[in-house]
Structures are given as C-alpha cells and as structure tokens.
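Asker: Chain by chain, the residues run as shown.
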Amino acid sequence: MTDTPTRYERSDFQSDQEVRWCPGCGDYTILATVQNLLAELDVDKDKHVFVSGIGCAARFPYYVETYGMHSIHGRAPAIATGVATANPDLTVWVVTGDGDALSIGGNHLIHALRRNVNIKILLFNNQIYGLTKGQYSPTSEVGKRTKTSPTGSIDNPFNPVSLALGAEATFVARTIDMDRTHSAEIIRAAYEHRGAAFVEIYQNCNVFNDKAFIALTGRTEREENRIYLEAGRPIRFGADNEYGVAMGSRGATIVKVADVGEAALHVHDPEVPEPSVAFALSRLSAGPYGPTPIGIFRQVEHGAYGDLMQRQLLDAQARKGPGNLADLIRSAGTWDAG
Amino acid sequence: MTDTPTRYERSDFQSDQEVRWCPGCGDYTILATVQNLLAELDVDKDKHVFVSGIGCAARFPYYVETYGMHSIHGRAPAIATGVATANPDLTVWVVTGDGDALSIGGNHLIHALRRNVNIKILLFNNQIYGLTKGQYSPTSEVGKRTKTSPTGSIDNPFNPVSLALGAEATFVARTIDMDRTHSAEIIRAAYEHRGAAFVEIYQNCNVFNDKAFIALTGRTEREENRIYLEAGRPIRFGADNEYGVAMGSRGATIVKVADVGEAALHVHDPEVPEPSVAFALSRLSAGPYGPTPIGIFRQVEHGAYGDLMQRQLLDAQARKGPGNLADLIRSAGTWDAG
Amino acid sequence: MADQTMTVPQDREALDRVVIRFAGDSGDGMQLVGSRFTAASALFGNDLATLPNFPAEIRAPQGTLPGVSSFQVHIADWDILTPGDNPDVLVAMNPAALKANIGDLRGGGLLLVNTDSFEERNFAKAGYDTDPLEDGSLEGYHVLKAPMEELTKLAVADTGVKGRATLRSKNFFALGLVSWMFNRPTQPVIDWVERKFGPDEPVAKANIAAFRAGYNFGITTEEFHHTYEIEPATLPPGTYTNVTGNQALAWGFIAGAQSVKLPLFYGSYPITPASSILEELARHKNFGVRTFQAEDEIAAIGIALGAAFAGHLGVTGTSGPGVALKGETIALAFQTEIPLIIVNVQRAGPSTGMPTKVEQADLLQALYGRHGEAPLPVVSVTSPSDAFDTAIEACRIAVKYMTPVVLLSDGYIANSSEPWALPDVEALPDHSIPFATSSNTDNGFLPYLRDPETLRRPWAIPGTPGLEHRVGGLEHEAETGNVSYDPRNHEAMTIVREEKLRRIALDIAPAEVHNGDGADMVVVGWGSTFGAIRAGVNNAARGGVMAAHIHLRHLNPLPPNLGELLAAYDKVLVPELNRGQLTKMLRAEYLVDAIPYPKIQGLPFKAAEIAAKIVELAE
Amino acid sequence: MADQTMTVPQDREALDRVVIRFAGDSGDGMQLVGSRFTAASALFGNDLATLPNFPAEIRAPQGTLPGVSSFQVHIADWDILTPGDNPDVLVAMNPAALKANIGDLRGGGLLLVNTDSFEERNFAKAGYDTDPLEDGSLEGYHVLKAPMEELTKLAVADTGVKGRATLRSKNFFALGLVSWMFNRPTQPVIDWVERKFGPDEPVAKANIAAFRAGYNFGITTEEFHHTYEIEPATLPPGTYTNVTGNQALAWGFIAGAQSVKLPLFYGSYPITPASSILEELARHKNFGVRTFQAEDEIAAIGIALGAAFAGHLGVTGTSGPGVALKGETIALAFQTEIPLIIVNVQRAGPSTGMPTKVEQADLLQALYGRHGEAPLPVVSVTSPSDAFDTAIEACRIAVKYMTPVVLLSDGYIANSSEPWALPDVEALPDHSIPFATSSNTDNGFLPYLRDPETLRRPWAIPGTPGLEHRVGGLEHEAETGNVSYDPRNHEAMTIVREEKLRRIALDIAPAEVHNGDGADMVVVGWGSTFGAIRAGVNNAARGGVMAAHIHLRHLNPLPPNLGELLAAYDKVLVPELNRGQLTKMLRAEYLVDAIPYPKIQGLPFKAAEIAAKIVELAE
Ligand SMILES: Cc1ncc(C[n+]2csc(CCOP(=O)(O)OP(=O)(O)O)c2C)c(N)n1
Ligand SMILES: Cc1ncc(C[n+]2csc(CCOP(=O)(O)OP(=O)(O)O)c2C)c(N)n1
Ligand code: SF4
Ligand code: SF4
Ligand SMILES: [Mg+2]
Ligand SMILES: [Mg+2]
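Protein chains in written order, with the numbering used here: chain A, -12 to 325; chain B, -12 to 325; chain C, 12 to 630; chain D, 12 to 630.
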C-alpha cells in the first residue's frame, strides 16, 4: 500500500493486448469488474501481480496492465506463494479455472489455503475445460456428456467452497460473473483480507457449457435461487423472500419462513472462528442447479504466511545479529596450517 | 470375494521379509492388526492388493503376503485407482503417511475420494516425516521445532478428517495404532464400505515424534480425551462420562452433561447423507491435543467408480454389441482402388 | 513438384495434381468443407494428403488474423506424400483469410474470394489499409470473385433457416463452387449432410441448397467457365479410408490390445494435440476399452500403471509438457518392469510454447527425461495411417519385453489425414503372452526370474492364487525382487535392464534404404518428416541429384544395421523439426559426422526445402 | 597408495598416512566418534578425507547387517585426495559390523573388536555360524580385542548414568582407545562433549569417563603397547575447517546471494541426500535467508520461481526423483528467462533406487529432461569444499545471463568431508547486476530487449513503477515479449536462447590439463570422481604410466578449449558413476572415440580402480 493514494481510471489497467476470448464469454465481464476495482483501490499499480496457470481464464494477466505471469497449468498457487512470501508488500492475485485450480492444481491450492498465504484466488468456474475445447471438469455434474464422457461423466464433482473450507481457508466466498456489483464487492473484500482469499466465480462459457448457471442468472430463476449471504442478517431468499435458511443439529436446511418464523432463521456471521457453519451453508447446494448461497461464507483473521516468515527473519536477526559469513564458515572449528 | 470362504492364520499374511521399522514404532502394531483382520476376512489372499508410496508407513506392503506395490512418493492413490478401476473384484488397500498422502500426494487423495474409487486408504499419521529423519509434516502443529523448522513451523496443519469430508469422501474414520480392537473394527468397516474409505490412524513415531498422541494414549489422559463416536448413541466422554457433545447453530460444542442433560446431547449417525454434521464433529479438535473424536465420522452409500465404469462398458456392449474392429476402421466411409 | 503446376487456364484442363486451401474465419467452417472435399475426392479415387491449420488454442475475435482457420488438401492421380508445399488454389472467405494465406499461393495460382466480406470494417480487422481486390496487390494471381453471402442467402430462402443463421451455409456454397471446378461428385456431400443433420432438418436443407447453388453458380457464370480434371490415382489395390493420425493411433491401440489379448486401459489428461485420442477411445466402450480422464498427467500415468499391474494394457497419452510431469512414474514402470505405453503427441515447445504447432523436439526427453539409468524402447509414427501399425508395434514390444515404451507422434500427424489401405484386421498377428499362473521354481514364484532370450520377467497379476508378490521402485535382488543394496546386484540389474534393449534390437525390422544406388549422400529422418523427405529426395533425383533416404521408426534401440548402412555414404543429412536431436544420437553412436538440417518454426518441412538442401549439400 | 602401508607393528611407528574405519550398529554412534576423531586430527593438522556410510533409509533391527553404520577417515601428513580405498584399521563394535566390513580391510590390517558383543545371539543376527574370533577366519589380520562394554560400564559407574544407558558411552571408549593408538590430542574431544551436553550433565561425564578409560586402557594394556605417529600435513598456509559437501553448498549459496546482492530464497521438499541443505539453510534466517518446505518438488520450484520473479535469488534443491518432477517448471523458467538454480544431489536410481548411495546418472536428465529445445547451463561439484565455489559460480551465471542453472552434486560429496582452506569472504567478487528501474526504449519498456553481449534480458521486478509487464510460457515476440505464433519468430527465439549458452562458454574457465606432458591418454571426469581420478592418475604415473587428467566443472556449455585438448591424445578414458553419459556427450560433440569406464554400484571409484584401468588401457 502507498501513503500517497493514487487515483486511476479503468484504462490504466488495460494492457495493449487485444482481448481474445470468445464473443459473449463471461471472462469479459469479470475482467471489466476487476479492472474497475483495481482503479478504485488505494494501491500503486506496480504493486499488483497477477499469476495464472493455463486455460481461458488464465489468459487474464495479459490483459491487465500490472506485473503478471502466465505460467503453467495448475501451478499458479505455488508460484504466487513464492511471490507473496518473497515480498509481502505486493498484492498478489491468482486467476484460475476449475480445471487449473481443482484438477491439476488441487494440491497447490489446498496447501496455499492452509498456509494462509496472502494471495487472492479468483477461480473462474465454468464447469468445463474451455481452452481444450470442452471436456468435463472436476466441477461438472455427474452424467454430463462431453467429448471425453460421451455416455455421461461418472465423477462426483467437488464443491469448491466445501473443499476450501476443508482445507482451512480463512476467506471463502462465491459470486457470479454477470452480477458485477456483487462480484466487485466480494473481490474487494478478498483484497482487504490479509491472508489467502478464495473466491469462486460462476463464469459462463457460452461456447462449451452455455447456460450452466441459468438457475442463478436467468431472468425468472434468479430471484428464486440466489441465496445472498449478508453478515448480521438472517438468511432469506426467494422471489418474495418467502424462504430462509435454518441451522440445526443436521446442518443447514431450507425452510419456509411462514412455517418457522423469522426468528428461527440463521443469522449469517462469516467471522465465527469455527468453519462448521460455513461448511453447512456450502452444502445447501451441490452446484448452481437450485437455491445456492452467494457471498462470503467465511472470513476470519489469521497471520499471513509471508508476514510470519518475515517476522521469523527479523527475530533471528534481533537474536543473533545480522549474519556474518566469516563467522559462519568458522563455526565448525578451524586450525591453521603453514 | 469368493464363494468358498477360506480361513487363514495371521501367518498366512506375513511375508518372508524381515520387518524393518524402529523398535517400538507404532507401525508394528498396525501391521499386526491388519494381518489379523485379513485372516478373518472372507477374501482369498490373492485378491488383496496393497499399494503404497514412500515413507516408513509405505514399507507396509513388503510385509504382507499378498500382491503389492511399493511405488513412489505420493502416487499410491492414483496407482491404486488404476488397479481398482481395472479390476473391481480386487480388494485394494492404500497404506500411506501424513507426508505421502497429504503433502506430495494431496491431489491424488482428494480426487480418489471424490470419485469414490473402491480403495481403502489407511493414513498412518505420525505428524512427522519419519523416513527422511524428522522434518515437520502437513499435520504437524504450528510452532513445532524440527530440523527444517528450527524456530518453529508457521504452517497451519490440515485436519485430515475435515479435508476428506471437504473432498466428498463417503467413508471417513479415525483410530489409534495402540487401540487394536478399535482400529480392527474401524478397518473392517472400511473394508466393508464399497467405495473410497479414508481411515486416519494416529501412529506413534517413537524416534522423531514420540508421545505426539499422549493425550489419547496416556494412561491418565486417554479417558478424558477420547471421544468415541458410536452410531445411534449420544456422544459422551470423559473419565466419568461427564462430558458430551451438543450440535447447535454454531456447530458442535463440548458440554457438561450435568449442565445440559442427556437429552441435549447429539446422537451420532454417520449415515446422514449430508456431511455437515460429520464436519462439525471433526472440528471438535484441531489435533490430538485434547478431547478428540475417534470412530466413524461418515459412512454413506454411493456408487463406486470402478463399478460405474464397468456398467458403462456393459451398457455400451448391450447397446452396440461387442466392438467389431473391421467395422470401426470402415466407419468413416471407404472406397476401393485397383 | 512446384514445376508441374497449372498454366493460364483453358477449358476442361487435365491436371495430375492440385493443392487447394480453404481459408476463412474460425467460425466459417473451413475444416468442415475441407474434410468434405477430401472425402469426395477420396471416394472419387484420388490419392490425397491434408493439412488442417487451426488458430491458437484461444478463440480470436471474428475477422482478425489470429482467427483465421484453414484446411489444405493435396489431390492427385498418383501416389503423393505430402499435403503440398504451396497451394495452387486458395479460397479466401474474408480479408483476414486472404492476408494470412496469400503469401503461400504460388505465382499464377487461382484465388477465389467471397467478395461480400471485402468491406472497410473487415479490412481494418485484417490490417489492410486499402481493398486488396482493388489496389492491384493481387496481380500475378488469377482472381475469381463470388458474392457468396448474398447468393447463399437467396439459395436458402425457403429452407426454414432464418436471419443470421442463413449465412452459416456460405461454406457449402464455396464447397459447391470448388466441387464444380474440380468435377467432384456431389452425392457424397449431400448424403453426408443428410446423415449428419437429418434429411428434413432446415439446416440440412440450407446446406444442400447452398452447396447446389455454388455448384450451379460455377456452371452458369461466365467467369467460371473453366474446370479441371484429376483422374483417380492408381493406388495399390485395396479398400481405402481417409484417416487422421490420432484416429489411426486410437484404433491402433484397440487393435494392439486385441493382438496382445488384453483389455485396453487409457489414462490421460486432456492436452492439445493429444486430446482427441482420449475422445476417440472414449467412444468405443463396447470394445471393452476403459478411458480415464485423470486429475493430471501424473495421475494419468499412475492410473495406467496400476491398471497394467492388474493385467490390462496400460496406455497414457499426452504432449511434451505432460511427459515432463510423467518422468518419475515412467522410471517406476521401468524399475518394476511393467508394460506401459507412453504416447507423446509432440507440439512446439519449450514450456507452453505454441500448442497447436508441430515440432519434434521431445526426442531426447523420451530417451533421457528421467533420473538414473532407465533406457526405454522409443518408437515413432511416420504418417497418419502409420500410427495404426506403430501402435501395434508398441504394444508388442511392451508386452513381449515387460517394459514401458515411448511412442512419439506429433501435432502434424495428429490432425492431418491420408488414404489408408485397410488392413485385414481379422488376421491381426497374435502377440499375446499368457500371464504366469503357477510358480516358476520348486521353491516358489520368483517375479524377476527372466526368460533367457528376451530377459522378460514373468507377469503374474493380482487374483492369481499362489503367486502373491511385491514390486517396487527400490533396487531389488535379481530373481527374488527383494529389496537389495548390494553393490554388485545393482550393477548387474542395471546392465540386465540395459541388455533388454539389445535383445529388442534383434527383434525389430532393420533400417531400409530408399533410392540408395548411386547416391553418396543419405538423408536420415524419423517421424512425421517422412513424406517431405521422401518427396524431396524424389524431386532431387528427378533433378539428377541422388540422395538415399533412411527413415527410422525405432529410435531406441536403433536398428542394428544402421551403422553399417550409414558408413556407406560420404554425407549424412538429418532433417528434423528440432535443433538436431537425432543428429546428436547418430554422432554419439556411430561417430559419423551427421549434418543437422534443423527447422523449428512450428511448421512441417516442405518437400522443396528438403530437395534444395540436398542439392546445396551435393555441390 | 596401497603400497605405502603399515608393516607388522613395532613400538611408536611413524606413518605418512592411515585409513581408519569405525563400524558398528546404527545405534552405536559411529558417525559421532568418526567425526570427533576427524575433528581432533584436523586440529592436529593432518590432511584428511572422510566417507560416512549409513544404512538404507529405514532403520534396520539392531545387530543385523542392514543396520551397520560406518565412518571412514583417511588422515595423512601430505595432501590427499580420497577417503582411501581400503582401511588399514577397522574398529568393529559387533559381529555384523565385522562381517560387513572385514572384506575391505587390507591384508595385515589392524582389527579392533568389542569382544563383549561377540556372542551367539549376535552371530546369528549377523549370519555367522561360528565365532569369527575363534574359527580362524581372521588370520591374516592383526586382531586386537577389548571388552568395551564391560569396561565402559565400570568407567561410568559413578557418573549418574544408570542401566542400559551406561552402554551408550562405549563408542567413546573406542574413540579413546584409537585416539591413544594414533596419538590424537584428547582435549578437543573433551571440550566438544562438554559444549555439546553441558559440563555437569551425567551423559557428558559418562562419555568423558569412557573416553578416558579407553585411552588409559591403551596405555596400560600389554596388547596395545604399540602406537603410531602421523605428523601434521604441510597443507598450503591458511586457516582450515573440516566441511561436508551439503554444508559447503548451503554456505556457498549464502555467499553467492551476497555476491549477486540478492536475498536468498530456498524452496525445497525433503529428500535424501539433499535434505540437509534445507536443514542447514533453515538455521540461518539472520542472514535474511528464506527457506520454504513446500508440499512437493513441483511446488518447491514453483515457489522458488515466484520468489525469483519477485527479485530474490531463487534456489530449489532435490535429488533425481525430484528433478524428474520439476522438468515442466524448469522449462517455464527457461522460457520466461528468469534466474533460478536447480540443485540435484544425485543418488542411485532409477526410481527410488538406492537413496543413500552415490551415482552420477542424472547428467543427461539435467541436459535433456524437458520437452522442447531448452538448453541450460549445467555445473557440477568436484569435492565437498568445492561445493562452496560451484554454488557461487551457479549464482553468477544465473543472474548474469537471466537463466535457470542446474547444479549437480551427489550423495558422496553431500556427506563426506575434507579440510577447506577458508576463503576471505570479506572479498567476495561482486557479481550483482542492478534491476531495471526505467524504460529501456523511448516508447516504453521491452522485457525481452537483450544485452547485445550476454543476450541477457532486463530484470524488472514487481514494485517497479512504469515497468509493468507480463511474462509467460507461450512463445513470445522478440523484445516485446507479446505472445507470438509467428514461425520465424519462434525459430529466432529458439536460436537466441541457444546462443546464450555460446556466450556463456566464452565466460567460463577453460578446461585444464593435469599431468599432461608425455601422456598419450587423457582421463576425463566430472563431479565427485575428481579425487579418485586424480589419485589414480598420480598412482599410475608413479608406476610409470602417464595419463593426463581433465576434470570438468562446466558440463553445459563445455569449455571451448576442450575439443582441441582432447584432440591431442590417442585415447580418451571417461570414468563415470553411470553407464557412460559424459562419454556420449563427448562423442557427439567432438566425434572422439571416448571410452567409457562405467561403475554403477552405489559406491565411489577407488583410486586403485582408476589406476588399474589406466594401466590396462595403456597396454
Ligand atoms: C501440463 C498440462 N496439461 C494439460 C494442458 C492442457 N490444458 C490447458 S488448459 C486446460 C484446462 C482448462 O480448463 P480450466 O482450467 O477450467 O480453464 P478454462 O479454459 O475453462 O477457463 C488443459 C487441460 C496443459 N496446458 N498443460
Ligand atoms: C519424489 C520424492 N520426494 C521426496 C522423497 C523423500 N521422502 C521419502 S518419504 C518422505 C516423507 C515421509 O513422511 P510420511 O509420508 O509421513 O511417512 P512416514 O515416514 O512418516 O511414515 C519423503 C519426503 C521421495 N522419496 N520422493
Ligand atoms: S471457450 Fe468458453 S471460457 Fe473459453 S473463451 Fe470461449 S467462451 Fe470463454
Ligand atoms: S522413524 Fe518413526 S515412523 Fe519411521 S520406523 Fe522409526 S519410529 Fe517408525
Ligand atoms: Mg473451466
Ligand atoms: Mg509421517
């Protein structure tokens, strides 16, 4: 962060590279949202680093006028961990897809989350492998027919929010490409969280998996199915807010407010240290097919990895003084000859 | 499985290889437990396959007189997936360590779990890298001092049970090396579960991490800290059963039975489809340092991967008839010359 | 062959060959019309070779240069070897397609443009300041114009297709027009469209209407009075189909699995240009084929290895970046001596490189991309249809010698096609070897007791009573397979694993010399450069410069007679789509001063390039 | 040197050298006494070289052969090069230790045994049918017996140590006895024990008591009347310490980071025999060293690469199996041209192989273990102390040329030690190059605009205003670094990345010839075989057979003068702890008929083996 706040336009964060996604791709919307947000943030643009793997989503860094690396498939969380640990003053973003993050990159993702490395992970979940032209992904629904699953996929998908919570993530949220206000708000919160922030963004791939999120984006369906999670407020949803979420000894359940009364509804609090409640909320939907929670599931304070390492270095120097190489190579005892 | 049940002695499952763990290592106990169990099971010994990665735990297959592969570090879940998918009639075991399964092998583990591959994963968690002589592992506690963390580890550990539940595991349990009756019972249940079964076994490494589980194995501490999960029974524990577990809108909490009354206690049911409750139970302890649940957290039916693939093959043959190569190579249209 | 091209057209001209390239926006369906034209030509009996050229992995905006997609087909009345160096005919659906391809069109070549798309907006996108149709920049070509969009709209008027959708059929208009120009049979196209979309579907009707309109436009339009004949080729007698490399490879593994009598298990993770192997095999579950889309390449090979341990024919396919991840597991398969086939459909590297472009730069990785001494058999594919045979060969070696085998193909072979004389698959060779079912010694089963001739260890699979045993990656004792740190044992095991390769060398086809007599130069190649080298050598010979050609399928072990063959020539030229990898191998192995001819542009060799190099070197 | 050994002992004999091996159960603390004896000898001023030999990674049961641990030290009054081929003195703490090591003891050598452990139970464990001390099998050796356990128990009686613990000090008894025999100073040992355990701790008292008891046992016991003198060596003047390879390597990276003025970032995942580099560096956080224990090797290099992108000196260390996993990321570092050092402490492969044993079989993996054309600088370590200099050289090249560098060491170097003349680290060379801080052209910053001399691209790190840019693994345009699929650009970029290696070749030390005159044979080696080859060459020379020695630190690029040097000899012999990998390289590069001398037993070469081979080849 800088002392003299700079003000930017979106255009300051637009690189000279022609944006090359398919016309109508959800990635365009997210790019605009992020560029607008970056212009608002109180961070010098040279302090931002975007790291991505491979995939359509992973093209993102090319289009953002900051530092960036378009690396290799699945490894962005590891590379970003190196950047953020080496220099805690940087704002490090990871842009990744459902295949990049959850298939080949699954291990680096869960370890970056448990270590609480100070990186902002934006997972563009389109439930398909876009760049390789339409194979099913770890978030594709069972039975999905694709080139590699002509008779339907038999793989149970991950629930990315559940997986992140199981991996000790300190900030976990979900938003939707088309809902620009909501996604801007969520991504800003991720930015403000010091530590690993995991944001699942439902992103429409209109070429290989069009309308996968229609239940949450369709004109009619959206009211019925979007469950907004708002801190401090009872969870209600539905066209006329007629539904709500209750938390009981069997987890989270959807109830008719008329039946149970407002008081019985669960009041959302992403800051409870314990992730069980957030996890229960994540199970309200197995995917974007019916009522699905949108918003911040979990947001708890915890030392960020790079900061902790920094501290260990400073402590060591305070304790032993700055390293002296001449002493070090003599530390095992010496003798003189000649 | 075979029609003519064979009866075995433990010795039938002892290979001719000298067992080479450190004297006093918990691995010996688990080996005995498993060999005894195998002798009781109604499975021909040639139908068992033990696959391991690298580590002290991973030496296991050498000592069991069945088919086995001592493979490479972290890859056992993938290799075992291949064995189990190729031949669903085999009983496939994975023996792995906390580093092997959760560090380098993390991705294969979570994917094998979500796919519900019919493998039995025995994770010997000693919270240390044994074979490489004592570095901290992904389950070591924060602040742990080891050769590679001389000023204390800054990595938040995984909670293996939480991670498995977050990865959609259908069978998740925990037991303790020294408690042979309990571990035998749990491992048998894992065997009987058709699908991916994940069993965390607290295992003492008396050379590099001795007494890590003393809170659960110490003569005095054990009664106070072992929370046995038994299906259909209210969860109670403590030297005089004075404590219990209640499930509320903030997750699972430990209560004094005297305060809340028996009725307020949570009655354990591993078969609820929804994993939230199991997850909440997994959060009762961050590790084996205080009251910690032992037993089966989750146990739900779901098609096993190999069986589903088998079915797709049979369906295809039923639909199209067995493949005919001559027709296949003509399927794109042909012409004659000469 | 650039010499024998068309002169200024007169009516009904007979040609022995022609190279046609369809070029348009990736949305314009050029791959489709290209393959339809190819199919029709195949059924007509021409020999042919094709070369599709996709835009890079990511979709580019319509009408821009990166968005251009093209399909080149070479048809002839004689046996041809390549898709042709420079097209004689270019079909350009828009300015970008023109700009991206005109440079390849041979002087005096025929240029067919869709005039409707030649408008300001598109000039800008393509980076033209002026209208190329007007500014004289196309002089030196024979330009034919057709308002394809306009005419297509009219043609499909009453097919039920409405609005922008009507334009979708313009590629069929182009196909019709070109079909007329080259006297292609129309029925195959019409049949295909009806099969594909259903006879009564509006889209089928529209495509057929546009196709007919294009054909008739040719007949009726003054400008197009001129047509061409290309007689059926006199291919060796047989039944032919037109096959791409990845298709042939997938089918080859199905055949190979049958020849070794094992169920096929293909573990893979999608990656360009290998994905279509997985996609093809996934469609043939009724052959008992198991395909597994793994979480990554390491899992893919691990799963294939596990399946192999359980008695399946384990195959894992990927491209270079994936192989870079599989090295450790390949070494495990090698150390445990379990049959496994690793397919590398090479693409331009390093790192992500140029994923849709061809390269042969993973040869040394195939040989040495592992830790420790782990020599493996390496075979390579020389043409699309050859992939079928090479797959069977890989299966044979893997099972006969209990070893992982690396099979190298590339992105050019993967996507291009050629006629394939169908083999009699009823009479596939039997390469099967029974599993061990009983002890091989009186005192029990020894998993590493070897066949004295092949050095093969027995293959006993889980589920076989009495043969329970353990394998692993640690060094192990000869015969028993028990873990061993004995220094002499390690050396002996290292040497015996190496010796296997020498045994395999005695069991592969010797290298053959093409065009050998009178040559004092030999051109040595491997993989997809076969067609270009063979054609180049032939061209040079026609020009009176003799060079022999040796093309290697087996890269490890090398054919035992190779050294002797090379010794017979003063000059050894090695064209490769890399910086000289086989060259290094030949120099180290035979101490011959092999001369590299590297090309590393993401493009295949042209026959003319090879011929020119031969001539240059001969001087 | 086997000729100048001890004859039948007489009182107070002067020796110029002796090789002593301490052998016992892994629980007996042999490594400890070995290193104490070494330290005392070092302080006494002898030249020395050591070779520890651990059991395999897993603990083996007490008293068994796999459980045997040994430590060999070679001390002399002159400049020596190896830990010695065969020990002159063997200390055997139990029958297993005897059985495992007696084969190496030279004829007539001195054998010191702990008789207390020579009992039935232990014979069985060691696989002895009869008592070797009785069955005459030890004739031909000079056997000295001491009931070490008994005497140790007595000695520690009133130190406060009780029960079985008393036996723990028996290794100090042995140390005392040997110290007396070879007139070692006792104070260094006593000081060390007190520093280590605290002067008043019972265990300290016990160890010192046992040590003194052993020493006095020598004085008082008839049988041990004989002692030996070894004068201090006349090493070049300077201050010395005794250092192991991994220690020197870790320190070398700290020094290298200072020489390039960058903070050191070491990303690693534990693996034998590389783990101790991570462990050593983790102790020096006050040097600003960041160590990161990653989840696996792929993460380790990814994290190091990310740190390098952010402006740190990124280093990642592992062994062969780990390198097999890093290939794809190495290619990314190469393609993005970011400095990074990849350390491979080689061990015996393939696959898990023999993790605690030495091998040099990852050389070709270092060169070719990636997809695509990705040539990298490769440097190798020739001795424990040389690791320090080689680390600094790797840092210099990585930063000066913006390239990943592979550094090859091995398990022998990692764990063995030698005296090291301490360099003046105040006067480290300055290899630093400032980061880019402003645009390198009037119209903006071009991340791939190269230095015409080194072909280095500018290094602009995140946090530098105005130089924002993107790098990636796709092929990119010269200068701008924008993604490019242009065929010519790809070829040009491939060649410029390759050309970098040629520039580096002009910037490294030329190869040097040892013992060149009059020789018509040259022995070429690399890495840890230096000592054995140099000693072997010298031995052969003493025997009148002249062979030159060239030892390579740089394996890619090779020193430009190498070809010319080799051309001067009729025979080129290449001893390697592999099956002939450098041999292949030399043959391909120079077309010389290099003769491999492979040894692949998990053991280093012996000087005598090299000498014998030279003689054999000379005939
Ligand atoms: C090592 C490696 N394996 C496979 C690939 C091929 N590949 C590139 S992107 C991708 C998956 C893309 O899906 P996703 O991550 O969901 O991103 P999307 O394109 O959908 O945005 C794959 C399999 C690769 N580039 N590298
Ligand atoms: C690719 C690779 N990386 C690292 C190693 C070194 N290694 C072997 S086992 C191991 C971890 C052992 O810890 P764990 O899995 O917990 O098993 P334990 O020994 O504690 O039973 C490591 C790092 C290896 N053998 N291979
Ligand atoms: S393929 Fe899908 S995700 Fe990729 S750019 Fe096109 S629409 Fe977007
Ligand atoms: S190191 Fe620890 S885990 Fe390994 S064998 Fe010894 S006691 Fe057991
Ligand atoms: Mg996706
Ligand atoms: Mg462990």
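Be aware that a few hints might be false.
[Unchecked claim] Calculated pairs, BS3-like style, for lysine-lysine (alpha carbon to alpha carbon, straight line, at most 25 Å): (1) Lys617(C) to Lys582(C); (2) Lys164(C) to Lys207(C); (3) Lys156(D) to Lys136(D); (4) Lys207(D) to Lys156(D); (5) Lys207(C) to Lys156(C); (6) Lys272(C) to Lys198(A); (7) Lys131(B) to Lys131(A); (8) Lys120(B) to Lys131(B); (9) Lys110(D) to Lys156(D); (10) Lys173(D) to Lys198(B); (11) Lys272(C) to Lys173(C); (12) Lys164(D) to Lys216(D); (13) Lys198(A) to Lys120(A); (14) Lys131(A) to Lys198(A); (15) Lys131(B) to Lys110(D); (16) Lys173(D) to Lys110(D); (17) Lys207(C) to Lys131(A); (18) Lys207(D) to Lys120(B); (19) Lys307(B) to Lys207(C); (20) Lys207(D) to Lys307(A); (21) Lys272(C) to Lys307(B); (22) Lys411(D) to Lys272(D); (23) Lys131(B) to Lys198(B); (24) Lys110(D) to Lys617(D); (25) Lys110(C) to Lys136(C); (26) Lys198(B) to Lys120(B); (27) Lys164(D) to Lys207(D); (28) Lys307(A) to Lys272(D); (29) Lys120(A) to Lys207(C); (30) Lys307(A) to Lys243(B); (31) Lys136(D) to Lys110(D); (32) Lys136(C) to Lys164(C); (33) Lys216(C) to Lys173(C); (34) Lys136(C) to Lys156(C).
Just so you know, the hints here were simulated from the structure itself, not pulled from any lab data.
Asker: Does Lys216(D) sit within 25 Å of Lys164(D), going by the straight-line distance between their CA atoms?
Answerer: holds (13 Å)
Asker: Given the hint that Lys198(B) pairs with Lys120(B), does the C-alpha gap stay at or below 25 Å?
Answerer: Cα-Cα ~16 Å, so holds.
Asker: Tell me if the straight-line CA distance from Lys617(C) to Lys582(C) falls inside 25 Å.
Answerer: holds (21 Å)
Asker: Is Lys164(D) close enough to Lys207(D), meaning Cα to Cα at most 25 Å?
Answerer: Holds, at about 22 Å.
Asker: Is Lys207(C) within 25 Å of Lys131(A), Cα to Cα?
Answerer: Given pair Lys207(C), Lys131(A) holds - Cα atoms ~22 Å apart, limit 25 Å.
Asker: Checking one constraint from the list: CA of Lys131(B) to CA of Lys110(D), max 25 Å. Satisfied?
Answerer: violated (41 Å)
Asker: CA of Lys173(D) to CA of Lys198(B), is that 25 Å or under?
Answerer: Holds. Lys173(D) to Lys198(B) sits at ~23 Å (cutoff 25 Å).
Asker: Are the Cα positions of Lys120(A) and Lys207(C) separated by 25 Å at most?
Answerer: holds (21 Å)
Asker: Assess, step by step, whether the Cα of Lys207(D) is no farther than 25 Å from the Cα of Lys120(B), and give holds or violated.
Answerer: Judged against 25 Å, a Cα distance of about 21 Å means the pair holds.
Asker: Does Lys136(D) lie within 25 Å of Lys156(D) when you go C-alpha to C-alpha?
Answerer: holds (21 Å)
Asker: Does the structure keep Lys216(C) and Lys173(C) at a Cα separation of 25 Å or less?
Answerer: Distance of about 12 Å is within 25 Å: holds.
Asker: Mind checking the alpha carbons of Lys307(B) and Lys207(C) for me, to see if they're no more than 25 Å apart?
Answerer: Within the cut-off at roughly 19 Å; holds.
Hint check: violations occur at hints 4, 5, 6, 7, 11, 15, 16, 30; the rest are consistent with the structure.
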